[in-house]
Amino acid sequence: MFGSLHTRSHFSFLDGGSSPEVLAETAQACGHAALAITDVNGVYAAVRHQRACRRLGIKGLIGIDCSVALGATTGRVDLTVLARNADGYRAICRLSTWLHEHHALSDEQLAPGGAFDDLVADRCIIIVHTLSTRSEDVEAALRILSGRTELCVYAGISHDARPWAVRRMRAMVDCARGMGLRIVLAQDVRYAGRDAYAVHDLMICIREGITIHQPHPLRPVHDRNCLRSEQDLRTIVPFPEAFDAVDEIIRLCDFDLLPEHITPPGARVPEGRTSDEVLRQMCQDAFDRRYARAVAATQQRARELLEHELQVIAELQLSDFFLVVHEVTEHARSRGIRCSGRGSAANSVVAYVLGITGVCPVEHHLLFERFLHRGRKGTPDIDVDFDSERRGEVIAWMEERFGLEQTAMTATIITYRLRMAIRDAAKALGWPEETVRALSKAVPGYTNNDVGIYRAELAAVVGDVPMLDILLKSVQLLIDHPRHLGQHSGGMVLSSKPLEMLTPVQRSANGVAVVQFDKDDVEALGLVKFDVLGLRMLACISECCELVARHTGTMPEIDDLPLDDAKTFETIRSGRTLGIFQIESQGQIHLLAKHQPERFSDLVTEVALFRPGPLQGGMVHPYIARRRGKEPVTFPHPDLEPILSDTLGIVLFQEQVLEIAHRFAGMTLEEADDFRSLVSKNRDRHLMAAMRDRFVQGACRRGVDVATAEEVYEIVSHFVGYGFCRSHAAAFAKIVYQSAWLKTHHTAAYMAAFMQHRPGMYNLMTLEEESRRWGVQILPCHIQHSGMRYDLEVDSHGRMAIRKPLTAMRSVSQDIARQIIWERARAPFSSVEDVVLRLPQVPRDTLEVIAMAGAMHDLEPDARRAAWIVGVVRQRQSKAADEPLLRVSMVCEEDVPNLPELRAQERLAYDYIMQGAARVHPMTLYRRSMMSMEIRPIETLRRLSPDAKLTVTTAGIVILRQSPPTANGMLFVTLEDESGFLQCVVPPQVRERFRQELRSSALVLRGTLHGIGSWRSIMVSDVHVLTKVIGGYHGHLSYAGGQDTLEVGRNRMESSAVVITGIV
Amino acid sequence: MKLMMEPIDVGLNRNQPSIICWRGGTYDVEQILDTWSSRGPWWGSDERRSYLLLVTTSGVMEIFHSNLSGWMLSRMFD
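Going down the list, the protein sequences come from chains U and D. Using the working numbering, the first residue of the first sequence is number 806, and each one after it goes up by one. Using the working numbering, the first residue of the second sequence is number 157, and each one after it goes up by one.
Read the hints as simulated data drawn from the structure, not as lab findings. Here the structure is a predicted model, which means the values were calculated and not measured. It cannot be assumed that every hint is accurate.
[Claimed, not checked] Pairwise CB distance ranges (calculated): (1) GLY226(D) - VAL1270(U): 26 to 34 angstroms; (2) ALA926(U) - CYS177(D): 52 to 60 angstroms; (3) CYS177(D) - PRO968(U): 19 to 27 angstroms; (4) ALA976(U) - GLN187(D): 18 to 26 angstroms; (5) PRO968(U) - GLY167(D): 18 to 26 angstroms; (6) SER174(D) - LEU1492(U): 47 to 55 angstroms.
Just so you know, even glycine gets a beta-carbon here, dropped at the ideal spot from N, CA and C.
Start from the sequences, fold in the hints, and give me the full structure.
Laid out in structure tokens, this is it:
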């Protein structure tokens, strides 16, 4: 048998030029019987490699490449370690983990008791290379290792296709023979075919931070580091015994990484009982409590489903997994950490009964088979959202509970996308950083479109030069190759066995333990992943409830709310949903106006409708028309009625696609799930064509005529792109309802919590305006009253108002805010001077910001005077040697000149800069001028009938600019004034004409009024910059619409500084 | 050693050079001392060369085969 024993895939990040799959295919084409992938310091490719080899019928060997520093010299030697069996693989995992912790091996680890201690002959094979090492280093390494009789060591020879390769090989052979070591052919393979040499070279330039025009010893000078046939190699390597050793090693290594079973996490199961029994008992105990208020029919159906699910779960050996997820969610709740299961797991009665998810699958017609069925390969996903602020506590507890050695985060393989590829390639081609930045910004982020599409955009940056073609070629070479290892957003691997038996573990930049496989590979390894996700809306709900409880004495029963509160639905129908989970965008508000949800199930469809799948599939308008009774409800075939009746004959959910494939087209559940996945992702046209035939033929076999079968297929196949499963929509709808209920009934607490956690898309100014529109006053930052977080206070009218925290002020860090609060707790501040003297650690700049923000208003009503006093006191304080015996004031009346009071415009500008939002909306200052020009407040547009198609003019601050790819070049601009906000649609020709004006932060727009219900919009025909119409407007800094003005203010401080200096 | 860079004809036997024809003379290949490869920049000419260092009846020759220029005698060794 022959095969390559020393092959790096592209998982040797920025080194190998080919994927494991391509390498395996090429090896097979070269006539190899085996292929070892030996990536640098890791086994990232192991799962894909073994899977590809299994498919191609060749043997897949696993190993790693590592370097060993030799003693006090600067020399190093390269080693390849191959796993002979499961123990060997485990030893390699431990070695890889060690390498990532310590970054390098030295010859101390080669000695007994070192990191190589368990790489013994019956587990591993070690090959010492001639690669890029000095002959004396190789000799030294061979000498050290030849003395270790418990190790299985070979001297690896390689024809490196450079001059005198044979001479070097011979030297190695002579040295090895002299020490009684065997030799083996271990060609240094970095890519599959010769043409991949280009990407290999480019990657090395990127990795080494050099341009392609700079020489470097690691850059290839030829294209022979590819896979070659045995016959080809025998002509250039004159050592037959080296080929015999390859055969010997291939026979010795026999290890299959991909198990047929799951390694579940270790659930707590009492001795003498099985996890199946414990899960069943737990579900039975919880069932009555969960379904206590359900009607008999629901209870009956839930019992039947529970029994079915328990059987499937037991058969798939997943009881431990459910017990563990239950344990985690219960623990989180016991610590007051809000959590909520989402995704397909919400289809399960078991998950609902155990409290992992919060919506009843029976009441909401959820389909367990979308989550789990007997034909399912691998483990199911259970995604649970946790309060984002406290997710870290859950993870820490899980590490403690399941053991640090048995928990780690799933990795994500970060592959080259267009923008990143352009950036790295342009740098390697030698363009300056400024040009590199401009080039990368010329293409959309996160796309994998062919780079050639953007040739014109890139040429606009660098001109149509020959180097542009090289850039395009380079980008094409890099796309889809892995660049580095990342960390999954929440996928925790839980294992009952130490993870090092299955994967190396390395630490991410923030210290989190990460396995070397992504979620698909983790599943293939039989490991169970549990998604511990952070959701800021849950933190917002938790904090809102805590605020309500603290200020009213009553904690809202948010998880047990009746789902039919009239006021809540009124809020939703009226579109006053800014800040409400999932339905706060302008598009959703428009949809709400048309949809007019009346019950919880409408919220489920509302959430699902506004997704790329239904939007692009043209399902939204028919559904709305049917829901509002403007179109009859029809079904293409009577068999579809039970599946689609509750969505009025329209396909909205993934479960419906699965059910149609199963019930209508007669597919098995496994096939139907594959069909659902294929349709949703629409990845492969050939597969889609094959699936179409199976679908139509299956339906015809059930007695459906061909025309109807094809019609139904067309309907289902339109469900492309990203669409929700019903369970996920239902889980989210529950949070939609909860957040809407809180906003309706506890507005102040909700908006305070919302501003604290900022789970939405709007900037702080808009949130404060929204609070004021709901009658909640916003109290500015105050050095005597503000805390660390947004809080509630009773205002002068006896109503709840929101007090902004100290940290809302620019440059007031958490640490400084804590200092202020601790000091204030000793005694309230008595004067500005007192503040400065008692906070010696707080920088003068920060104290001046606090003064100018008006946070010392009680101590000194004039902000300018307060800032001046801060300066005087801090200056004199620094000069005062010791604490005086008798304290006298450091400031007298003569120290402070007569300073002009802040004008309204100045106050507004300072508010934006210092606190991220103004206490009055900027438009109020100009309302009188605008009324003279017949520029209407936004709120008044609601009173005009859209049927008249009136031409209206309005003005406001731009809070959002959106141009979704599905909108055919339309630009959506959201304007806000003191009365409300309005979506303005700019058609492509108007957008082109007013391209420059539309970049302004405040606009006057004229257009035709459109609307439905209370929702209004204008189709823009004319655009003016606000300053040109009313003149001299400089207050607003939020040019970037949608961003936090605090951040924008920071970026724009330099330009604003001119104004501030002038004022001060 | 002398730099030549002249085109030559090469007779092959089992894919290995056996005869070199250069300036009207024919020389048998007695031994292949070494082989190596080179490749031009992938963004430029993209030339591939396979070099051979041979002992011939006329002395030691360094020849290469290029995908662009065919067989060439690159150097002669004294």
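Problem set entry | Distance restraint hint 26 to 34 angstroms, applied to the beta-carbon atoms of GLY226(D) and VAL1270(U) | Check passed, 33 angstroms falls within 26 to 34 angstroms.
Exercise. Cβ-Cβ distance between SER174(D) and LEU1492(U): within 47 to 55 angstroms?
Worked result: 53 angstroms, holds
Problem set entry | Satisfaction of the hinted span 18 to 26 angstroms by the C-beta atoms belonging to ALA976(U) and GLN187(D) | 19 angstroms, holds
Exercise. Is it true that the C-beta distance of PRO968(U) to GLY167(D) lies inside 18 to 26 angstroms, as the hint says?
Worked result: 24 angstroms, holds
For this session: Using the beta carbons of ALA926(U) and CYS177(D), state whether their distance is inside 52 to 60 angstroms or not.
Result: 54 angstroms, holds
Exercise. Using the C-beta atoms of CYS177(D) and PRO968(U), is the stated range 19 to 27 angstroms upheld?
Worked result: Since CYS177(D) and PRO968(U) have Cβ atoms about 25 angstroms apart, the given range 19 to 27 angstroms holds.
Checked against the numbered hints given earlier, the structure satisfies every one of them.
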